[in-house]
Each structure stands twice: as C-alpha cells, then as structure tokens.
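From just these sequences and the hints, can you work out the full model?
Those protein sequences? They're chains A and U, same order as listed. According to our numbering, the first sequence is numbered sequentially starting from 0. According to our numbering, the second sequence is numbered sequentially starting from 56.
Watch out, some of these pointers could steer you wrong.
Said to hold, decoys possible - Now the in silico label distances, taken between C-beta atoms and shown as ranges:
hint	chain 1	residue 1	chain 2	residue 2	range
1	A	207	U	329	32 to 40 Å
2	A	91	U	111	35 to 43 Å
3	U	256	A	72	18 to 26 Å
As the list claims (entries may be wrong) - Restricting the straight-line Cα-Cα distance to at most 25 Å, the calculated cross-link-like pairs of lysine to any residue (SDA-like) are:
hint	chain 1	residue 1	chain 2	residue 2
4	U	259	A	173
5	U	259	A	163
6	U	330	A	162
7	U	259	A	174
8	U	401	U	128
9	U	149	A	87
10	U	149	A	271
11	U	259	U	323
12	U	149	A	68
13	U	259	A	179
14	U	113	U	128
15	U	259	A	167
16	U	378	A	87
17	U	330	A	163
To be verified - One-sided and incomplete, this derived list gives chain A residues near chain U with beta-carbon spacing under 7 Å:
hint	residue
18	87
19	169
20	185
21	189
22	284
23	296
Since the hints were derived computationally from the structure, they do not count as laboratory data. Where a beta carbon is used, it is the ideal one built from N, C-alpha and C, also for glycine.
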Amino acid sequence: MAETTDARTERATNGTRRVPPAEGTTPVAPTGQSRAAAAQSGTVAARTHAWFTPWLLCLPAIVFLAAFNLWPSANTVFLAFTNVRPLSGGELVGLANFERMLTDDQLATALVNSIVYMLVCLPFLLLVPLALALLVEKKLPGIAFFRTAFYTPVVASAVVVALIWGWMLDDRGVINGMALRLGVVSEAIPFLTDRWLVLFSAISLTVWKGLGYYMIIYLSALGGVGRELHEAAAVDGASAWRRFWSVTVPGVRNTMLLVAVLITVSALRVFSELFVLTNGTGGIGGRDVSVVFLIQMYARGFSGNLGYASALSILLFLITLGPLLLIARINRKGA
Amino acid sequence: MKHSHSRIGAGLAALAVGVSLTGCALDGAGGTGSTPEDSVDASGEVTGEVSLQTWALKPNFTEYVEGVIDAFEQEYPGTTVTWLDQPGEGYSEKVLSQASAGELPDVTNLPPDFALALAREGMLLDLEGVDDELESTYVAGGLGAYQYAGIEGTFGYPWYLNTDVNYWNSEILEAGGLDPQDAPTSLDELIEQARTLEAATGGKQYLMSRKPGLGDFAAEGVAILDEDGTEFVFNTPEAVALLDTYRDAYAEGLMPQDVLTDAYLGNSQLFTEGKVGWSTGGGNFIAGVLENNPSLEGKIVPSPAMGTPPLYVQGVSVSKSSKNVPAAIALARFLTNAENQEAFAKEVPGIFPSTIASQENPEFAESDGTPAQDAKVMAFTSLTEAQVLQPVEVTEAMSTVVNQQIAAAISGEVTSQQALDTAVERCNELLSQ
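Put into structure tokens, the structure is as follows:
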C-alpha cells in the first residue's frame, strides 16, 4: 500500500499534470522538492497544530463543560456565601449560611433520612440485581421474558411510578384494602403517614425501580467472566457456592464497586420518591424530607433563599464525596 | 509541553471561577434598576405597541380575549396589542424568569402574592400615582389585595373575584339521617354531623376530608400576621383550640388517615365521585361536578361558607419598566372595566366582576331557584364580607412548614401549641431573611 502511494505521488509531482488523489483513498504526501518545501512549512504547521488543534477539537466539549458544569458549580460555591434572592439580589454574608445549618432541625432530619436511604438501598441494590443477573444469565427458553420484565420498571417515569405506588399504599389503596379484607390487620397500615413507613415505602420503590438497571450492568460484567474458570473449578470439585465466591465475585468486583458508587450518589440525592409519596408535604411534621427536598423547598419561588440552598448543595456534595472516597480506597486496596 | 498544558488547564479553571464570581449579580436580578421611588410618566397619547400576558386562557377563552383586544385597538387607533398566554403549570417560574431578565410584559396577569414579590423590588407601577379613579371604580376588597403592608401604593387592577360556598350531597346526608336543608353553619356543627354520619354508616362515609390551613384560622378570626406585616402571630389560644378540635375529630375517625399528607384525593374530587358528603367550591362548582358526574343531578345543596368567606382575587399589573406606560395603563383599565368584566363573568359563570358598577347587576344577584343559581347568588352576595384570608406574605416554603406542623398536631405527634409555635418560629425566620 505504501509502495503504491509513493509511486502515485511520484508521478503526480514529476508529471505535467497533477493527479488528485482518488476519492476515498489515502491523501498523497509531498515528495522531492515539494516535500522539502512542504517540510519547511509543515514544521510550522505541525508546531501550530500541536498547539491549538487538540484544544480546537476539545473546544465544544470545553464550552459545554464550562457553561453547564464549571460555571454553575462555581456560582453555587459563591452563592453559598451570600443571601441572594431571585429578584432582590443580596450581599456577602460570610459563613452565616453554614452556621445556620448547625441549628436547622429540619436539616438534621433530612440528613438522617438521606443517610438511612443510602444505607438501606446500598446492600439491596448491590446484591439483589447480581442474583437476578445470575438467574437470567442462563440460556433457557423464555428467559428473555424475565429479563424484559425485570427491566421494565427502569423505563417507567419515576414520578408516574411513585404516583401509582401512592395510590396503592394509601389507606384506601389496594394493599390496605386486601390486608383489611383478609383480616391481616384491623386498621389501615399508615404507609404514607408514619415517618419510617413513608421512608421505607420510598426505599422499596427505589429498589424495585433500580433492580433492572443494575441487573443489566451485572449481566454485561458476567459475560466477561470466563466460562473455562467455572469449568476448571467444577472439575476441581468446587461447589456452586464456592465457584460464586471464588470465580464470579472476583470477576465482577470492579462492576460491584461501580454499582456501589452509582447507588450511593443517587440514594443521597433522592427526591422524586419522597416528594410524590408525601404529596409535596415532606411528611407529617416535615419528618420525611431529604436534603434535595430541603434545597428545593428553600430555593423555590419569588422569595427563594438561594444562598442557603447553595450552602445545602455544597454540604450534599461533601457528604456524597465521603462514601465515594471510601469506595475508591477499597478499590485501591483490592487492586 | 506538559507544563504548558497544565498552565492552560489551570488558566481555564481560573477563568471559569473568575467569570462566575464576577458574573454573579448581587445587585438583584431585575435589571431595571427601578425603585419604588422612581417616577414614571404616565401622561401622553395612547398609541403604539403594548404587550399583555394572561395565565392559561387559551384555548377556552381565546375568542373573548381577542374580542377585548380588538375593541381596545378600535378604541385607541394606532395601538397594537401583543397577547401572550402562558400555560397553567409553572407560571410563577415564568414570571420570575421574565422579571429577572427585565422582560416583564407591559400588562401582566398577576395574583396578589406574585405581584407582592415584584412590587417589593420596584418592578410594578404604583397605580395610585397614575389613576385617580381606582377607589371609585373597583371594590375595596379587590384593591386591598394589591396593597401591601410596608409598601406604599396599589400594584394591580383587580380583574375578577371569587369565593367559596359549601356544597352538600343530600343523598349521603339523608343516608346518615341528616337534613341537607339544615346544613352545618359552624365547625362544631360540622363535626357533630360528621359524627352522626360516621355512626350511621359504620365509618364508611366521611363528611370531613381535609385538614385546616391558615385560611381556616383566619376565617375563625385568628390573626395570621401582625398589623405591620413583619411578624407571624397565629400561635394564639384560639388557634390552638381550633387545631385541638380538628385533632380530636381525626382521633375519633371522622377524617381519613391520608388527609394528613394531602395524599387523599381531596374533598372536591371525592365529592364529585359521590364519596363524601361535603365540599367547598366556587360559585360555579355544581356545573363542574355535574359535567363529570351527571348522576349527582338534583342531589347537591349549596349553603353559605362557614365563618368569614375567603376572597380570591385575580388582577393585572403594569410593569414599571414598560416603554409605553400610557398604553399599558389604558389596556389594563380597559380589560378590567365593568363592561368587559361582566362579559367575562358570563363566559366563566363562577367568577364575578370587581367593579363597583357591576355589584348592582341583577344578573349576578338573582336566582331561578335551581341549586346552581342559588350557589352563584350565595357566592356573589357573600363577596361583600369576603376577605383575603391567607396573607400574601405567606410563601410556598412557609405554606409547607405550616402544613407539616398542622399535620403533626392533628396526628397527635406534638401538641397543637408546640406545632403552632414551631410553625410561627419557622415562618418568622423565613420572613426575616
């Protein structure tokens, strides 16, 4: 191929008529005198390219990142030290917003709720999808139906799903109706009015909706675990449980860490489930609010307190960072 | 080269942070720089372009609004009205973004609480300075909704008014041995009848299906804000007693559990479905109910609101940064004059004109004896004593806090006094920020 190209370019530069490269072929490199001349200008061009070409190529991404990530993030940090309102502006107030957090009862409640949410969601969404993936990984007739069934909740809107769960769980809903009719309970279970039952109802919803998503991630990871390792272990007499611990788990270990990170971040940022199940009230006495719920509550409307809401955003960011660093540390140790 | 890349990266990051820090508008988002003290020249010929923004009037009332605009343009040759209609959802966010960008239309439909936020920032025209006929044209309650404690002036032309009337399902009440013609006129009577119905139906029918709000306290004479509008004061013994009454009713099983989180379908929806015996609604409520559930024909009995009737006001405000103030004022006045308001009230039977001249209009004060017409007359006649019950200073965040605490008290988690003290404390914190 290189020889052919050289031959063609030689003809092109020495001949009377310059032949343009055929469409779709490799561009012709300059040769002979032209090559020398081109080399001189090419050096300049190469240097110039080395300078701005990569940046030019990255420019759209950089602009996008700056406009939609860096700028809002930096602005949030700045706003956290102000008492800015949407219409009236404000002034720098130093650490006042952070000091206010120390005496904010609702924030303490929200932190407890968000952390409980994360701690309960994490094991369920880390392990159950793996078990499901192992079940539906088998090539059995009709297995595609189960894969689809487990994945279906993922494509449903979180708000719509939460509304449906709300109707099912209210005191005249399907669940209470059945429980009362069967005589399991004598009065309706307060799924939507008891502080902890609301929280665990929302957690159940998150787990149910997330199973399919993480199952798909595990399925792709399981595809990378060598069948020969399982076969070799089986030949050596390892039990199914032993093969799971010694072959499957190490094979999907990195995926488990990734899943753990994703669950941690999304659980700490929970909003839709709690908002819809409590109909925007945050539960009785506001005891089922999450940190994002509080941010929304303070930032919304004509009189929104953007300064305090920004400070809460920074707090949430720092809280999210903690578990992520821990997982990264575990990953490094494991490696 | 590596160092060069690092420098560029660091430079970009510094630029992003720098731009963000310098770009943050600490001087307010309005961009108009106007203050309440700024004077506006409202004199001059009514001509040129003027914009009008309404809230969810398309497509149901397109013909009406276009008719008003055509009539205005004929009345004032040389004027051109640009009509913008915003969807029902997210209107406050839309107005907020327009105000932040300094792009508020010349004439905008703003309920009193939206107008307050803009008036505080000097974005709305004080109509007292440019219109001498406000008090002789509009009812006091309508104008009062656009006059705020601590801010001098009137910041909106009242457009249309509404209030609430009680509605009773005669079939359900009679099933409980109650007389729908002898409907409750107070909270105590309501609870008594709810108890009777509960006993007669074995707890299968509810009469009460909502928890109280600030409006209910105000309707019973409890002051929500002090006179200066600077402090919430609704944690009084009267308010505690009222909340205790609801708490006891809930404990007695006279209200459904989910009423605490408002997850229950709401009393008007359940009333429409024929599942509860009582609801409140505007003067045209019966028409809406029958449209969705014709089987309730002849089974709905209206009665006047308990306590002080609530007054709901819609109005239009003029932007202080309008480039055509004379035309904007003329358009706002034209839209809210007696003739156009009465025509609008005929299009939407549940609403009533805010003009003094319309209060004697026999069409609103006479009934043909049907329950729907009786309800309309009850609503219309009660407007004279109706008041804006929930102060416009109450923001969404405050409403959420109050709602949470009332639910906590009714469920018995905290005492009524504790709940109201907490609600007042948090509302005052929010008010002072």
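So, going through the hints one by one against the coordinates:
Between residue 207(A) and residue 329(U) the beta carbons are some 34 Å apart, a value that agrees with the proposed interval 32 to 40 Å. The hinted range of 35 to 43 Å is satisfied by residue 91(A) and residue 111(U), whose Cβ atoms lie roughly 40 Å apart. The beta-carbon spacing between residue 256(U) and residue 72(A), approximately 58 Å, falls outside the hinted interval of 18 to 26 Å. The straight-line distance between the Cα atoms of residue 259(U) and residue 173(A) is roughly 16 Å, inside the 25 Å bound, and the hint therefore holds.
For the proposed pair residue 259(U) and residue 163(A), the alpha carbon gap of about 24 Å is at most 25 Å, so the pair holds. Proximity of residue 330(U) to residue 162(A) is assessed by CA-CA distance (about 21 Å); at most 25 Å being required, the pair is judged to hold. Annotation: proposed proximity of residue 259(U) to residue 174(A) holds, straight-line Cα distance about 18 Å (limit 25 Å). A C-alpha spacing of about 23 Å is found between residue 401(U) and residue 128(U), which places the hinted pair at or below 25 Å, so the restraint holds.
Between residue 149(U) and residue 87(A), the direct Cα distance comes to roughly 17 Å. Compliance with the 25 Å bound is thereby established for this hinted pair. For the proposed pair residue 149(U) and residue 271(A), the alpha carbon gap of about 22 Å is at most 25 Å, so the pair holds. Proposed proximity of residue 259(U) and residue 323(U) is supported: the alpha carbons are some 18 Å apart, at most 25 Å. Between the alpha carbons of residue 149(U) and residue 68(A) the distance comes to roughly 23 Å, so the proposed pair stays at or under 25 Å and holds.
At most 25 Å may separate the alpha-carbon atoms for a hinted pair to count; residue 259(U) and residue 179(A) meet this at roughly 13 Å. Taking the CA atoms of residue 113(U) and residue 128(U), the gap is near 20 Å; set against the 25 Å cutoff, the hint holds. Distance hint between residue 259(U) and residue 167(A) is fulfilled; the C-alpha atoms sit about 19 Å from each other, no more than 25 Å. The suggested pairing of residue 378(U) with residue 87(A) holds, with an alpha-carbon distance near 22 Å, which does not exceed 25 Å.
Proximity of residue 330(U) to residue 163(A) is assessed by CA-CA distance (about 21 Å); at most 25 Å being required, the pair is judged to hold. The restraint placing residue 87(A) at the interface with chain U holds, with a minimum CB-CB distance near 5 Å, inside the 7 Å limit. Given the 7 Å rule on beta carbons, the hint for residue 169(A) holds: about 5 Å separates it from the nearest Cβ of chain U. Among the interface hints, the one on residue 185(A) is violated; its C-beta lies about 12 Å from the nearest C-beta in chain U, farther than the 7 Å criterion.
Because the smallest distance between the Cβ of residue 189(A) and any Cβ of chain U comes to about 6 Å, under 7 Å, the interface hint for this residue holds. Contact between residue 284(A) and chain U, as hinted, is supported at the beta carbon level, the nearest pair being about 3 Å apart and thus within 7 Å. Contact between residue 296(A) and chain U, as hinted, is supported at the beta carbon level, the nearest pair being about 5 Å apart and thus within 7 Å.
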